[in-house]
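Asker: The primary structure of each chain is shown beneath.
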Amino acid sequence: MKTLSISSRILKEIFRDKKTLAMIFIIPIIVMALMSYVFKSYNSTDINIGTVNISQQVESNLTKVKNVNVKEFKNEKSAENALRDNYIDSFIIYKNNDYKMVHANIDASKTSMTTAALSSALTQTSLKNMSTTLAKISPVKQHQPKIHLTNEYKYGSSKTNFFDKMMPTLMAFFVFFFVFLTSGMALLKERTSGTLDRLLATPVKRSEIIFGYSLSYGLMAVFQTIIIVLFTIKVLDIEVVGSIWLILLTTFLLSLVAIAAGLLLSTFVKSEFQLMQFIPLVVIPQIFFSGLIPLNSLDNWAKVLSFIFPIKYASEAISNVMMRGFTFTGIVIELIVIILFIAILTFINIIGLKRYRKV
Amino acid sequence: MTDKIISINNLKKKYGKQVVLNNVSFEVDYGQIVGLIGPSGAGKSTIIKLTLGMEKADSGNSEVFGIHMPNRKILSKMGYMAQSDSLYNSLSARENLLFFAKMRELKKEDLDSEIERVSKVVDLTDQLDKKVDNFSGGMKRRLSLAIALLGNPQLLILDEPTVGIDPVLRKNIWTELGKLRDNGCSILVTTHVMDEAELTDRVALLIDGNIIADDAPNNLKQQYDVDSIENVFMKAEGDM
Ligand SMILES: Nc1ncnc2c1ncn2[C@@H]1O[C@H](COP(=O)(O)OP(=O)(O)O)[C@@H](O)[C@H]1O
Ligand SMILES: [Mg+2]
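Order-wise, the sequence lines are chains A and B.
Under full-length UniProt numbering, the first residue of the first sequence is numbered 1, with each subsequent residue one higher.
Under full-length UniProt numbering, the first residue of the second sequence is numbered 1, with each subsequent residue one higher.
Be careful, since some hints might not be right.
What the hints assert, rightly or not - Taking lysine-lysine pairs in the PhoX-like style, the calculated list, with each CA pair at most 20 Å apart, reads:
1) B:120 with A:2
2) B:77 with A:205
3) A:2 with A:18
4) B:120 with A:205
5) B:56 with A:358
6) B:171 with B:120
7) B:4 with A:2
8) A:354 with A:205
9) B:120 with A:189
10) B:4 with B:77
11) A:95 with A:205
12) A:2 with A:303
Read the hints as simulated data drawn from the structure, not as lab findings.
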């Protein structure tokens, strides 16, 4: 009951504070739109291409292309499996006199590199064939064998770019960051203005205060999540293979972690300025460890470290739903880890209020 | 168990190495206004925080209503006014009152009449729907007092209620405190204004975490053979 009174009071305060409202709803969208505009091109590293039933010549030409590793597969099925398990980025199959390419297309620049690599390999091969044919046979005009090349994208289209790959992480990051900041500021203000002491001088339970904050900011986070996710998907035209509801659920749970983390941090700082100073420490590592940089290139200690960052789990879950069409069972482990974060941080917060009242 | 509404026994409190309270013992009787007077930094607010259970003493104990503090439930029987105004500035006066009334567990059917009553006491009835942001310092102080009065608690703990407000209002507040006491309320009030001590039933002088005198104002003046509490202070400090 008191939890409800506290959260309705907090909501009233939020709605009367234009700065907080802008911070929750408008700024994230402006920043995301800007970023999608900026990240258009990006140079990738090596690509792994699988081949099925490709002639020796084409294959050796393909191997000569820079930054390309070729792996042979016996049949389409095994190549498909390798693609799903992320061993290869694309595969090329020769079937019924036609070449077909299948791309994972998680990283759009890799897809375009694959396409370019194959066409250059094919051009070289056909030029060679042509010159031998011309040499052998009379100078009668001959109909050149036409090569059909089709691309199949597992995710997105030929227009998919770097931003699309970052999208899940960015979305998770913005949901985290702005809720983290506003809820932390709010509890800090409650403390520095003395109202927290006054509140604790009433028979309110410590847990009721923390739940009141979680509930009110959680409600704001629901709206924020919906706006950010819909903006991303509809306005920025990002394709979602899986269910939007799962993405909303994940980002909402992440925002509850952000609230709890914000409340926790606010108890360690003395002023808004100090809270700002802490942001690099709390927020920036999360960007690096949350999937923007491929984690398999990191040292072991860094990989272990990445497990303590909640954004990593959320961005993994979102990207699996968004790009690979995972269902609930596919991301349930990530969700459980996120819920554990919420539970542990909330518990610490309730205990932490003992600093201001001993019971 | 004691028959005192507040009873503080041998409290000691250190912040780091600084000894803030040095073996403080002190009581508040039912139906009295007891003043806790001392210069800034003497430890008055610390005593109040220990009494409310917001801080923990290094040794000694405090009992309120005969119940060992800290205790959460007993807080519903006390009205507390902090040294700072401690109000939600973006809310109106009525919204502040309503919120704290709910936190103090007032009955739902009493909410409106209580808000009406306390705002009359502090003369804010006409300003109830203004945002606290637009209040003057004195109005904020009055609203803060009104919040402490909600639910007609048996015990009021007021930390410097008259700091920073004009003399007329100060006089009104003390008149009001006198009335509350006459209706059976017990009041512990801190101040660093010496002449306010004259208005209490009993006064404890606190300097550097030690209570150096504790008696009715007139008894103290007689005892030290001076004509004001301020001079009692001077003399007592000189004796130390
Ligand atoms: N939380 C705290 N941490 C460290 N020192 C404190 C704290 N609270 C009060 N003090 C110190 O204790 C002394 C007494 O403070 P206080 O009880 O607020 O004095 P008063 O209310 O009489 O002005 C001061 O010197 C103050 O600096
Ligand atoms: Mg004080």
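Asker: Work down the list of hints and note, for each, if the structure agrees.
Answerer: Consistency of the hints with the structure:
1. B:120 with A:2: violated, 26 Å
2. B:77 with A:205: The given pair, whose Cα atoms are some 15 Å apart, holds under the 20 Å limit.
3. A:2 with A:18: violated, 26 Å
4. B:120 with A:205: violated, 30 Å
5. B:56 with A:358: This hinted pair holds, its Cα atoms lying about 7 Å apart.
6. B:171 with B:120: holds, 16 Å
7. B:4 with A:2: violated, 31 Å
8. A:354 with A:205: Given that 20 Å is the threshold and the Cα spacing comes to 11 Å, the pair holds.
9. B:120 with A:189: violated, 30 Å
10. B:4 with B:77: holds, 15 Å
11. A:95 with A:205: With a Cα-Cα distance of about 70 Å, the restraint between residue 95 (chain A) and residue 205 (chain A) is violated, given a limit of 20 Å.
12. A:2 with A:303: violated, 43 Å
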